[in-house]
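I would like the entire structure built from these sequences, with the hints used as guidance.
These protein sequence lines are chains Y and L, in that order.
Counting in my numbering, the first sequence runs from 35 upward without gaps.
Counting in my numbering, the second sequence runs from 311 upward without gaps.
Don't read these hints as lab results, they were simulated from the structure.
Computed from a predicted structure; not experimentally measured.
Yeah, the Cβ is synthetic: ideal placement off N, Cα and C, and Gly gets one too.
Now the in silico label distances, taken between C-beta atoms and shown as ranges: (1) L:Gln-489 / Y:Lys-310: 32 to 38 Å; (2) Y:Arg-387 / L:Ala-444: 48 to 54 Å; (3) L:Leu-684 / Y:Ala-328: 45 to 51 Å; (4) Y:Leu-215 / L:Leu-523: 53 to 59 Å; (5) L:Pro-624 / Y:Glu-255: 44 to 50 Å; (6) Y:Arg-253 / L:Thr-433: 33 to 39 Å; (7) Y:Lys-296 / L:Ser-650: 35 to 41 Å; (8) L:Asn-347 / Y:Gln-267: 45 to 51 Å; (9) Y:Arg-387 / L:Ser-437: 47 to 53 Å; (10) L:Gln-663 / Y:Ser-318: 37 to 43 Å; (11) L:Asn-347 / Y:Arg-253: 41 to 47 Å.
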Amino acid sequence: MCTTSKDYTGAIEHLFMFLDAPELQNEAEDVNCWWEIKDTSCSSSRYRISSLRQYSQSSVLPLPMTRNPYTMPTISAFCTEDNVSECISYINQEVSSLGFPLLCTESNNGPELNLVAVLNNVYNLLQLHRRCLQTVEEIEVEQVKSNSNMDYLQLSNTRLKDQLELSKRENTGLLERERQLQLKVKSLHNCLKNEKEEVQKLQSIIASRATQYNHDMKRKEREFGKLKERLNQLLIDKKDKKQTFEVLNYVGRSDGKRSLWKTGKTEARHEGEMYKTLLNDYDSRHKDLLMENAELKKVLQQMKRDMVTILRPRKPSQSGEKHDDSLEQTSSEEDEVCDSSRESLELSCEHAREQLTNSIRQQWRRLKSHVERLDSQASLVGERANMNAIPKEVHEEEMDRLKLEIQQYKDFIHTQQQLLQQLNSPCDDETASLLNDCYMQEEKERLKEDWKSFEEKRKNFEAERKNFTEAAIRLSHERKAFEEDRATWLKHQFLNLTPFGDQMKPQMSKSQSALSGCAESEVRPMSTPAKLNKSLSHTAFSTSRASPAKTPSTADLYRTHCLIPEKSPSTIHPKQDSSILRNGDVPAQLRHVNGGANCRAYTFTGDRNGSI
Amino acid sequence: MNFSEVFKQSNQLCRVSPDGKYLATCVQYRLVVRDVNTLQILHLYTCLDQIVHMEWSSDSLFILCAMYKRGLVQVWSLEQPDWYCKIDEGSIGLVSSRWSPDGRHILNTTEFHLRVTVWSLCTKAVSYIKYPKACQKGIDFSRDGCYMALAERRDCRDYVSVFVCDDWHLLRHFETETQDLAGVEWSPNGCVLAVWDSCLEYKVLLYSLDGRLLSTFSAYEWSLGIKSLAWSPSSQFLAIGSYDGKVRILNHITWKKVTEFDHPASINNTKAVVYKEVERKPVVGSADLFIQQRITMGSTLFNTQSKYEICPLPVQVPVVKPDLDRANPKVGVSSMAFSSDNRYLATKNGGFQVQSVTWHCSGDSLILLGKEQLCLCYMEVGEEEEEEEDDDDVK
Chain Y
35 MCTTSKDYTG AIEHLFMFLD APELQNEAED VNCWWEIKDT SCSSSRYRIS
85 SLRQYSQSSV LPLPMTRNPY TMPTISAFCT EDNVSECISY INQEVSSLGF
135 PLLCTESNNG PELNLVAVLN NVYNLLQLHR RCLQTVEEIE VEQVKSNSNM
185 DYLQLSNTRL KDQLELSKRE NTGLLERERQ LQLKVKSLHN CLKNEKEEVQ
235 KLQSIIASRA TQYNHDMKRK EREFGKLKER LNQLLIDKKD KKQTFEVLNY
285 VGRSDGKRSL WKTGKTEARH EGEMYKTLLN DYDSRHKDLL MENAELKKVL
335 QQMKRDMVTI LRPRKPSQSG EKHDDSLEQT SSEEDEVCDS SRESLELSCE
385 HAREQLTNSI RQQWRRLKSH VERLDSQASL VGERANMNAI PKEVHEEEMD
435 RLKLEIQQYK DFIHTQQQLL QQLNSPCDDE TASLLNDCYM QEEKERLKED
485 WKSFEEKRKN FEAERKNFTE AAIRLSHERK AFEEDRATWL KHQFLNLTPF
535 GDQMKPQMSK SQSALSGCAE SEVRPMSTPA KLNKSLSHTA FSTSRASPAK
585 TPSTADLYRT HCLIPEKSPS TIHPKQDSSI LRNGDVPAQL RHVNGGANCR
635 AYTFTGDRNG SI
Chain L
311 MNFSEVFKQS NQLCRVSPDG KYLATCVQYR LVVRDVNTLQ ILHLYTCLDQ
361 IVHMEWSSDS LFILCAMYKR GLVQVWSLEQ PDWYCKIDEG SIGLVSSRWS
411 PDGRHILNTT EFHLRVTVWS LCTKAVSYIK YPKACQKGID FSRDGCYMAL
461 AERRDCRDYV SVFVCDDWHL LRHFETETQD LAGVEWSPNG CVLAVWDSCL
511 EYKVLLYSLD GRLLSTFSAY EWSLGIKSLA WSPSSQFLAI GSYDGKVRIL
561 NHITWKKVTE FDHPASINNT KAVVYKEVER KPVVGSADLF IQQRITMGST
611 LFNTQSKYEI CPLPVQVPVV KPDLDRANPK VGVSSMAFSS DNRYLATKNG
661 GFQVQSVTWH CSGDSLILLG KEQLCLCYME VGEEEEEEED DDDVK
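Quick look at the structure:
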């Protein structure tokens, strides 16, 4: 700490050297002067702060030490005449936070700077700064050291990596070599095993041969021994039993002929016979071989022809191929060769045979290339249409199924044919007459039944029609009566246009009700066979057309008497009819009905015709 | 099936005459000739010693009886029972004796195969053939009886001599390229002679009638080679059975292998039908039977009925592993027989106890003869099979 002024100056100089603030150098001199004066302890000295103002920073309060500790940021006026107290207080705060004695103490004459404290603070700060700088330096040194360490480590790392790489490669190389060597060892083992086996086999062979040799040797030795014995025996015995041949009499030769002397002629004869046998044998074999050759040649010819036919259709389809010309050429050549070979085959000479075999080989080569091409095409197609590729098994199943189906159909067709034949085959007259139109029999029966039913129906319709016409006639009579009635009523009305109308009303209503009643009664016979309404109209209209003599004007009757019910063939409602009649809007209905009736008549007749 | 009474015989010498009328059996030193239909004894001949070999002549007029120990051959005539013929080989001994195809010559092979003596019954002439080879099949007559092939060995070399059976004129004599000739066999048409080597070398040589070498066939080296050989009746195929259990078939045009058949222990071929004999023992009745009944039951007990049922594939054929350390081991195809219509080939492989395999002349059925039993196999008519292997286990 501040002990001597020299220390102070030295410290401050030291400090300011570090501070490297050119504008402060001058001030440093001033401060230096000041401190030379004082020689007190920190606590008691007082300092003038005017020079300290130079060090104030107004704007930036914490001094940034991070960048270059040696360059001080531009210090703007931290303390001025005005804000001394604030500065003091601020500095007090800062200093107290750092643990240094306060700069200024409150005294009676206002805030007074304790010079010693200030100096001590400065000294402390300087020490602090120095320590910081030292640490910075240490850190820097450390950093440099660590940098260099790192560099070194990096270098060593790369070196080691390279080494590792190299050693790995070496390792793989060695492994590879080891593997190869192992394979070699294995193969050598196998070889060794094989060799051992062979050696064993050879040894066994040798052993068996040796036993065989020994056996033979022993046998020969035994025989030799026997021979020696026999020889000895003979020599000793001396009496040699000669061969004897006792025969009662000679026997004739089996073939009855006399035996011949052995002469040169006989020998020649024997030779001749021997050669004859041999030649006969060769002849027969030659014949067999010729036959076989001829058959094989035929087969080859056939094959060649087949191959040519198989390969020929390709030509027109492949127009752009190079092979085309050559194909044509070769095929024409082939034909030539074919003919020539066929001719020369008769002579069956070497040349012809060679030609034939060459041509066969050529055809076969072409066929092979063709098939290979097809195969490659098929594989390409198979690759392309992989999704649609049918596995072989499914294909086979499909084929079998189809074959089965074909077989079934064939059987079916066969049976059909048989039956047809039976049909067409001439049979007896009886059966023929019986069977005449046998297939139509059923239809005929049905037809007869239908006719019967139709006849019945027709009768019914006739009856109905009769009734109808009678009813119609009745109706017409009634209508006439009604009209007369109406006419009289109208007359009455007209004549009696008097206030006595209500007298007439019940008459009117009566007549009306009579009208409606008769209308209803008229309508009812028409409506009673409700289901036959349509048919009635059918029959009525048609009978009017079909048999005009019977009821000449049934339709006219209806038309005139306005009795033709307003109906479409589908809707028949008696009430509707009555309402139509009641309405009295007759002429219009008549017209409509007429037209409708005409159409309907046409349609009905058309239907009738159509139904039968 | 009806059975006659049991007759005695010795040495399994029972032969039906080639014309099928007579049956000759040997009982010790007696030769009994019976009528085939009635089994009545027609002739009875007595030989000087126990008969070891008996053979009918080709025209069914004479019967040859050989007694090897005594070196005697006696010939009997059927037409003239008084007629006799005795051939005594003397001190030179007798190892085998056979008729010539014309039925008038007898070929005797002396002891140690010193020579073959041809005795003629017509002329009393004797011919000698030197240096015959002692091998599996040293002599073979062609089917028409014209030629005889004889294997010879001189100066450590093999030769084949072809004789004309008429007058035993030596037609051809040629050396064969074999190490140790084991056998000769004529083809049925008499034009090709098959010559095969001993089992130490697999080699088949084919010579034409006039002695030219037509072809050689060798399937493999070093292992034991050919065990048996058979011509097809049409002379088109030559079947070679070897010690490796396979049959190789050569064709007569190129003499190259056409096909080879194996005898696997497990049969898997879908075309093969395997019949297995299944024994059915009748059910034994309750214990409280009378002894009498038991005795009668006992005889039926032993008449086990056997039935053949078709086994489902794959079938494991029971194989007895033979002792390979012995010479001529019981491995390999030991016997083969073609059916007469060229359709079937029956082969026997391994150590099955089948002594012989013979086809019926119609080619429809097959007889398998075991030591104590025989089995008749009927082929299905109408089947097209190249080979029917019959390895069934005849007990």
